[in-house]
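S.K.: As given, the protein sequences belong to chains V and U, one line each in that order. Mapping of the first sequence onto the working numbering: residues 1 to 220, in sequence order. Mapping of the second sequence onto the working numbering: residues 221 to 301, in sequence order.
No wet-lab data here; the hints were simulated from the structure. There's no promise every hint is true.
Below, in silico cross-link-like pairs of lysine to aspartate or glutamate (EDC-like), each with a Cα-Cα straight-line distance of 20 Å or less [unchecked claim]:
hint	chain 1	residue 1	chain 2	residue 2
1	V	K70	V	E20
2	V	K199	U	E256
3	V	K187	V	E174
4	V	K70	U	E297
5	V	K149	U	D275
6	V	K102	V	D62
7	V	K199	U	D237
8	V	K199	V	E132
9	V	K55	U	E279
10	V	K199	U	E230
11	V	K187	U	D237
12	V	K149	V	E168
13	V	K70	V	E180
14	V	K187	V	E156
15	V	K102	V	E61
16	V	K199	U	D263
17	V	K187	U	E241
18	V	K70	V	E31
19	V	K187	U	E239
20	V	K149	U	D274
21	V	K187	U	E230
22	V	K141	U	D274
23	V	K149	U	E279
24	V	K70	V	E37
25	V	K70	U	D290
26	V	K55	V	E168
27	V	K211	U	D263
28	V	K70	U	E295
29	V	K141	U	E279
30	V	K141	U	D275
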Amino acid sequence: MEEPPVILSENARKPGAESEAETIRRILAGERSLFHELFRPCERPVYLLLLTLLKNEAEAEDVAQETAIKAYLNLRNFRGDSQFRTWVLSIARNEGLGRLRKLGTRREESLDAGADDATGDFTPAILTSWREVPAEALERKELGAMLRKAVNGLPEIYRNVVLLRDIEEMDIRETAAALEITEGAVKVRLHRARALLQKALAPQLGAFAPKRKGWFGGRA
Amino acid sequence: MRIDCQHVWEHISAYIDGEVEAVLRAEIDRHLETCEICSAILDSTRNVVVLVADDRVFELPAGFSRRLHDRLGREMELAGP
Ligand SMILES: [Zn+2]
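Just chain V, with the same shape it has in the complex (with noise of 0.2 Å):
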């Protein structure tokens, strides 16, 4: 016998996307506690974005926390046309900027699109051989250190970029939505970033690189 065939609407074929709305809908019709679960994967982007905006550990906790607060609150009004971890994000980023404004700090540079056309140095450091530094070096915590270094080292515009793209692995697509930018906008920062990162630390990570085994892989 064949099986009818099953018609899946745009958001069943995303996987999670059914059991999230499923889960909204719960929540509002009163299983309240359900909102911890549904909120548990944005915390940790939800904090790394606001750390990279207050640069302030308290504080990035403190508004992460009234984040959540403000997304149960409003989950009435969350639409459902991107995914809650987007939403989410940027109720983070507006309530960051409300509490920079609060704070009285000047924001270190202008997330206008003009600075997308801000003219800098984005030639990479140039090599003429790579030795792969393994996720094992992590080991050592001058490396973590170095790389964090490094990241909080960029302009704000590239490290959320990064952040959310290379750190928290979200598509260019939910990037853009989160910060509030073109496509575009993503991929021309991502880029920038990724070059300014590989120039600041490709010189430094050759150290944490493995010793070189010996000709034709025989002993040292």
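We have chain V already, so just place chain U with the ligand on it with the hints.
M.R.: Relative to the frame of chain V, chain U with the ligand by itself:
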């Protein structure tokens, strides 16, 4: 069409993400076969992207999650059904 190093660098980020269209991709691949500099720049950029994404690099402060859910829970109580 022959592309130069500068041209390859402009597309490194998109190349890493697999977002370069086929013709250009083939050109870049051909360039990479013979250009040690561009190969090293590509490999190092990719390596940097992978390392920075490791969960050990950026971590949540200890107790972050518990504090967030405690406060959220209290606010949810206050908000009522
Ligand atoms: Zn080249």
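S.K.: Determine for every hint whether it applies to the structure shown.
M.R.: The hints, checked one at a time:
1. V/K70 to V/E20: With Cα atoms ~18 Å apart, V/K70 and V/E20 stay inside 20 Å; holds.
2. V/K199 to U/E256: holds (17 Å)
3. V/K187 to V/E174: Holds, at roughly 12 Å.
4. V/K70 to U/E297: holds (14 Å)
5. V/K149 to U/D275: holds (15 Å)
6. V/K102 to V/D62: holds (14 Å)
7. V/K199 to U/D237: With Cα atoms ~19 Å apart, V/K199 and U/D237 stay inside 20 Å; holds.
8. V/K199 to V/E132: holds (16 Å)
9. V/K55 to U/E279: Cα-Cα ~14 Å, so holds.
10. V/K199 to U/E230: holds (14 Å)
11. V/K187 to U/D237: Cα-Cα ~10 Å, so holds.
12. V/K149 to V/E168: holds (18 Å)
13. V/K70 to V/E180: Holds, at roughly 19 Å.
14. V/K187 to V/E156: Satisfied, since the Cα-Cα distance of roughly 15 Å is no more than 20 Å.
15. V/K102 to V/E61: Satisfied, since the Cα-Cα distance of roughly 16 Å is no more than 20 Å.
16. V/K199 to U/D263: holds (13 Å)
17. V/K187 to U/E241: holds (15 Å)
18. V/K70 to V/E31: Within the cut-off at roughly 18 Å; holds.
19. V/K187 to U/E239: Since the Cα atoms of V/K187 and U/E239 sit roughly 10 Å apart, the hinted pair holds (cutoff 20 Å).
20. V/K149 to U/D274: holds (15 Å)
21. V/K187 to U/E230: Between V/K187 and U/E230 the Cα gap is close to 11 Å, so the pair holds against 20 Å.
22. V/K141 to U/D274: holds (13 Å)
23. V/K149 to U/E279: Holds, because 14 Å separates the two Cα atoms, which is no more than 20 Å.
24. V/K70 to V/E37: Distance of about 16 Å is within 20 Å: holds.
25. V/K70 to U/D290: holds (15 Å)
26. V/K55 to V/E168: Measuring from Cα to Cα gives roughly 18 Å; hence the hint holds.
27. V/K211 to U/D263: holds (18 Å)
28. V/K70 to U/E295: It holds: about 10 Å lies between the C-alpha atoms, which stays within 20 Å.
29. V/K141 to U/E279: Holds. V/K141 to U/E279 sits at ~13 Å (cutoff 20 Å).
30. V/K141 to U/D275: With Cα atoms ~13 Å apart, V/K141 and U/D275 stay inside 20 Å; holds.
Hint compliance for this structure: every hint is met.
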